[in-house]
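J.: The two chains are supplied separately, each in an independent frame; assemble them into the complex guided by the hints.
Now for the letters of each chain:
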Amino acid sequence: MKTAWHPENTYESDILAPVKKATAVDWWLWIGLLAVVLAGLAAWVRQYILGLGVTGMNRPVYWGVYLTDFVFFIGLAHSGTFISAILRVAGQSWRAPLTRAAEAITLFSLPFGVASILIDMGRVDRLLNVIVYGRFQSPLLWDFTAVSLYLLSSVVFFYFSLLPDIALCRDRLMDVPGWKHRMYEILALGWSGHPEQYHRLEKVLDGMAVFMTMVVVTVHTVVSWVFGMTIQPGWHTALIGPFFLLGAIFSGTAAVVIVLAILRKVYHLENVLPVTLFNSLRKLLITFTLGWIYMIIAEFLTTFYGNLPEEMEVFWQKFTGDFALIFWAMVILVFIVPLAIFVFRGKNSIPWMVTASVLVNIGMWLERYIVIIPTETRPRLLYELVQGRYTPTWTEWVITASMFAGLFLLYAVFTRLFPIIPLWETAETLEHEMEPLKRRPRRFGERKASA
Amino acid sequence: MARWSMVIDLDKCVACQGCSIACRFENNTPIVPPEEAELGRSMLWNEVFPLRAEEGDVASEKAKFLTRPCMHCENPPCVKVCPVGATYKDDQGIVRQNYARCIGCRFCTVACPYGVRYFNWYAPQWEEGLDRHLNPDRVTGNKDLEGPAIRPRGVVEKCTYCIHRLHKARARAEAEGREFRPDEYVPACVQTCTGKARFFGDLDDPDSIVSRLSQERRAFRLLEEAGTHPKTIYLQEG
Numbered sequence: 001m002k003t004a005w006h007p008e009n010t011y012e013s014d015i016l017a018p019v020k021k022a023t024a025v026d027w028w029l030w031i032g033l034l035a036v037v038l039a040g041l042a043a044w045v046r047q048y049i050l051g052l053g054v055t056g057m058n059r060p061v062y063w064g065v066y067l068t069d070f071v072f073f074i075g076l077a078h079s080g081t082f083i084s085a086i087l088r089v090a091g092q093s094w095r096a097p098l099t100r101a102a103e104a105i106t107l108f109s110l111p112f113g114v115a116s117i118l119i120d121m122g123r124v125d126r127l128l129n130v131i132v133y134g135r136f137q138s139p140l141l142w143d144f145t146a147v148s149l150y151l152l153s154s155v156v157f158f159y160f161s162l163l164p165d166i167a168l169c170r171d172r173l174m175d176v177p178g179w180k181h182r183m184y185e186i187l188a189l190g191w192s193g194h195p196e197q198y199h200r201l202e203k204v205l206d207g208m209a210v211f212m213t214m215v216v217v218t219v220h221t222v223v224s225w226v227f228g229m230t231i232q233p234g235w236h237t238a239l240i241g242p243f244f245l246l247g248a249i250f251s252g253t254a255a256v257v258i259v260l261a262i263l264r265k266v267y268h269l270e271n272v273l274p275v276t277l278f279n280s281l282r283k284l285l286i287t288f289t290l291g292w293i294y295m296i297i298a299e300f301l302t303t304f305y306g307n308l309p310e311e312m313e314v315f316w317q318k319f320t321g322d323f324a325l326i327f328w329a330m331v332i333l334v335f336i337v338p339l340a341i342f343v344f345r346g347k348n349s350i351p352w353m354v355t356a357s358v359l360v361n362i363g364m365w366l367e368r369y370i371v372i373i374p375t376e377t378r379p380r381l382l383y384e385l386v387q388g389r390y391t392p393t394w395t396e397w398v399i400t401a402s403m404f405a406g407l408f409l410l411y412a413v414f415t416r417l418f419p420i421i422p423l424w425e426t427a428e429t430l431e432h433e434m435e436p437l438k439r440r441p442r443r444f445g446e447r448k449a450s451a
Numbered sequence: 001m002a003r004w005s006m007v008i009d010l011d012k013c014v015a016c017q018g019c020s021i022a023c024r025f026e027n028n029t030p031i032v033p034p035e036e037a038e039l040g041r042s043m044l045w046n047e048v049f050p051l052r053a054e055e056g057d058v059a060s061e062k063a064k065f066l067t068r069p070c071m072h073c074e075n076p077p078c079v080k081v082c083p084v085g086a087t088y089k090d091d092q093g094i095v096r097q098n099y100a101r102c103i104g105c106r107f108c109t110v111a112c113p114y115g116v117r118y119f120n121w122y123a124p125q126w127e128e129g130l131d132r133h134l135n136p137d138r139v140t141g142n143k144d145l146e147g148p149a150i151r152p153r154g155v156v157e158k159c160t161y162c163i164h165r166l167h168k169a170r171a172r173a174e175a176e177g178r179e180f181r182p183d184e185y186v187p188a189c190v191q192t193c194t195g196k197a198r199f200f201g202d203l204d205d206p207d208s209i210v211s212r213l214s215q216e217r218r219a220f221r222l223l224e225e226a227g228t229h230p231k232t233i234y235l236q237e238g
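Chain order of the listed sequences is A and B. Read the first sequence against the working numbering and you will find it ends at 451, with the numbers running on by one and no gaps. Read the second sequence against the working numbering and you will find it ends at 238, with the numbers running on by one and no gaps.
Bound-form chain B, shown alone (with noise of 0.2 Å):
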């Protein structure tokens, strides 16, 4: 079984912020209007920060940029706390999110030091136009809903790595008859990431391209002193 892993190098990031978007088309995350983003509640599952120079620090006059999908932790914070298990860690590492069981007590919201997961304030809605051109994809099954799936007001929703490209990369091979293979699966932001910044793959494989990335010494993780064992890793810039 797979362990799903993805290297973000902050040397090729243009912070052009394609992953961002590419992401809301995707996944169908709603966009919110001014006043709500003002207030702190727009929703980019992949969000890129502007890094703030240290104080009176001039060597470091250069803009610096941080892109942050969900960390898809080995000890997720988020997954210790939630009441009903709407939110869980499936076998393959990838911590997803159920939008039919979430209470929206937003306990999880509170206990990722990341912050990468978004509450629904209002129910979800598109401007006209948009509204034609929503993702149909969705992972349901067995009283889930997951993935692009359109969420109900009041709900807890994150980055899911694209769960339902996996579904049906995984699908296709099976109605070919054949294998799956692992480099059949990306998610969307790597997809269409500017720079080639962003690699995706197994991390039990130990020739995949994120395993050799992971062992480079540039690596590092967010957050590691947490104990959250990130499997989105970055390489530091220079």
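Looking at chain A on its own, in the form it has when it is part of the complex (with noise of 0.2 Å):
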């Protein structure tokens, strides 16, 4: 069989190394994650029997934990279209070696994200009448639309940047098992490598960069307008939209930390990730933590400052009330502890970069939260007839941790079947190779083609 073309890869074999087989810890872990997750399916079978009554939600409270999750998946999905499409169009090139475990993030929580939806869905079983008789004027269908654009776009994004990977395991892991290999060799789509291919590869993954940096902002602030569409005090403002793009980009790129820190110490890629990327990623959660309490100071300013009846009932339910331990764990896990993290120990620091990172993770669902519940405990009319309170269930728990665990083994498995640094995007001969094909006039603002 003829092979194809690849670029050069100093640290080749480092990255193909986890690839080619999956260790016994590996069995061990998936089978951990899959039970896990077949006890939240078990739970969700129940509840789809017994009915939502199983969960802890009520009147007024009708949304719980599940739109929470919901929220926060598909705001952890925002790390890879940020890291890849959106600083791929701003250039920056040492984004390189993380793109595609980021993406990863975006394409495993997204599916999480769907699922949280329908697995609130009183009856998810007449699912079809949201396209049969569906309503363009309710939020909710522009969250369907939005979604699965989303989640459409990210698998042919991240597909494309994969498929000169994909030839390059069928090229050179002859050793792997038959099945393995032929799944390579279809998913790579006779891909030759030829310098023509790069060139087209790299004008569509430019050109679809743009498209979803689009869609990444219209998507979280589309989320958000479920809420903020409505007259609910504390939902019904027109920050929410950058508030929860800003929280799911943050959320997104500590998640990217995480994710690279342990990549990096299991399959010991401590070459292909150095330092500097956490360095890098290091600055822009800064400045996203800094952009975070900014947008909680100008929301919460302008509420308190206005004192208007029904949203100071929101207002102080968050800060004295019910949700007071909830909230301040909030602003002490997202913003305080982490920003005192990221500048004094952060530099050149992988372990407290993780560390802060988990934090903010567990803030920002709890900001999500935040976000949700106390609004519903204190609706307009009824703050001063009902007063909602709201304790989640066993059942809501375990299908929540079953979600985790989904990601985790999704991620996990992608690792061991597919190069999870990209290796023609990080190597050193390729804008060299293609060179002479093309000497295209330079158009303004665009790279230089050897740097």
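Since the hints were made in silico from the structure, they are not lab data. There's no promise every hint is true.
[Unchecked claim] On the chain A side, residues computed to face chain B include the following (Cβ under 10 Å):
1) M57
2) D120
3) Q232
[Said to hold, decoys possible] Every beta carbon over 12 Å from chain A, so not counted as near; a handful from chain B, in silico:
4) R24
5) K62
6) D90
7) D131
8) D137
9) R138
10) A171
11) G177
12) D207
13) A219
Don't be surprised by glycine CBs; every beta carbon is placed ideally from N, CA and C.
T.: Given below as structure tokens:
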């Protein structure tokens, strides 16, 4: 069989090493994660048969942990698109080694965002009604549209950038099991590594990056509008869109730090993922932390100063009421501790960066919770008539845990099937090889072909 | 075409909760066990709330109550957000709910500022005996399932101004070969009201009782500032 041309990459064997064989530890990890996923599945089947009564949701707290999960997973998904699309458009070449690791988070957390919504539906068996009778006046339909577009374009974007590396696996990994090699052969789509192919690929990815940048902004804004378009106090604010978007990119980038650190350690990729990468992410994260506190202050100071009675009911619920513990935990976990760590300890220290990133992600989950639930406990009319309370039940926790386990499982399996570091994008020879073929006139703003 | 409206005179209301009970039996709203009610899952399309006095306000020692059916807004926030058109405002201004189409996303329940919408957390159940006395009326047809029809689990339900009574009244008029008169139709809560505090009629008819009462100085609507334009109108106490 004819093999394709592949750009030279010094670290090829390092990057391909994890793909060759899954270890016993892997299998135990996968089985463990699968067990959690199955537990969640069982809990969901039980919930489907009995009804949503098995959750802690009630009147007026009609939306609970599942909606929190939905917003969180969609937010997590923004990591990949941010790193690979927005930074691609911005011409940030340092991002190359971590693009795929980040995009895989996008790809694998999006399905769980969608799943959260389906789990939350009272009649998921009538899902097709959304297509048959869909009304575009409803923000929920904006959501369905935006999220499915996002999922679709993420898959395409991810697959395209994976293509040369699948071909590389096909050509280099000869001692893998037959089914695995067959999979590479099929998925590589006959990639031959011709310079023209690389040119086209780059062109498509550049074009898609622009599109993806727009989608990423749209998707999370639309997610927030499910809340923002109602007139409930605490939700009905124009800031909710940008706030959700910033939070999404923030938690997504923090998730990238965690994933990179694990990959680096477990798969011995110290050379490919140098600590300087973490330093670049650190700068981004400091910006996001400050951006987040800016949003919080802008939001709450406006509410507090305006002092509208129904808004203040929700405000005090967060600051001193039933949700005070979660609220202040969130401020400490998202802002105070991470900022201190990023600024004073994060430089050149991966353990500190991971610690702060874990805190940020826990805090951001709480933030989603704090945005959604307190408003519902003090609805506009009912705040003086009915006061809501909400305690999630084990069903909700098991299902939530299973979705996180599912995310880890998909990710872990993926890293054993495909190279998690893009070989062709980090190769040294690629751009040099391509140069003679096409010599187009330099357009305004175009990067030099040879750096 | 009529524009149905209800006026509730809080001066005459004695807070007997008769409207709640009449509504329950008319519309087959499920009765939930006490532990479910404790969670806040009781279903009362027509709920009676005690109003809390302002703290430290010694002048307002009198107990006050508010009975609350659906507001049947002219600009209903629930209808706007429904992704499948399961809730809709019909040509007579009644905000209706199609149980056969609802997907149970509960967007309408969080969008409604009045909290008039209820969700079937479990499949409805009735105690032995009660289940033999369900109202057989239902509004069906064209993939619709409305009114007192037994709801499946996982869908939203709400006050419909007893839409099935309107259908029946119209059918009777048609069978007798005469014009339907607006005074042939009242919801169960209006019919039962002990203090005769509830009035029902056509807001488009300037001579109807609701039109005249809506012009009274005591008339107000809940959350007028929300721009929902309710057709359930209250008359203030005092």
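J.: Which hints from the list above does the structure break, by number from lowest to highest?
T.: none
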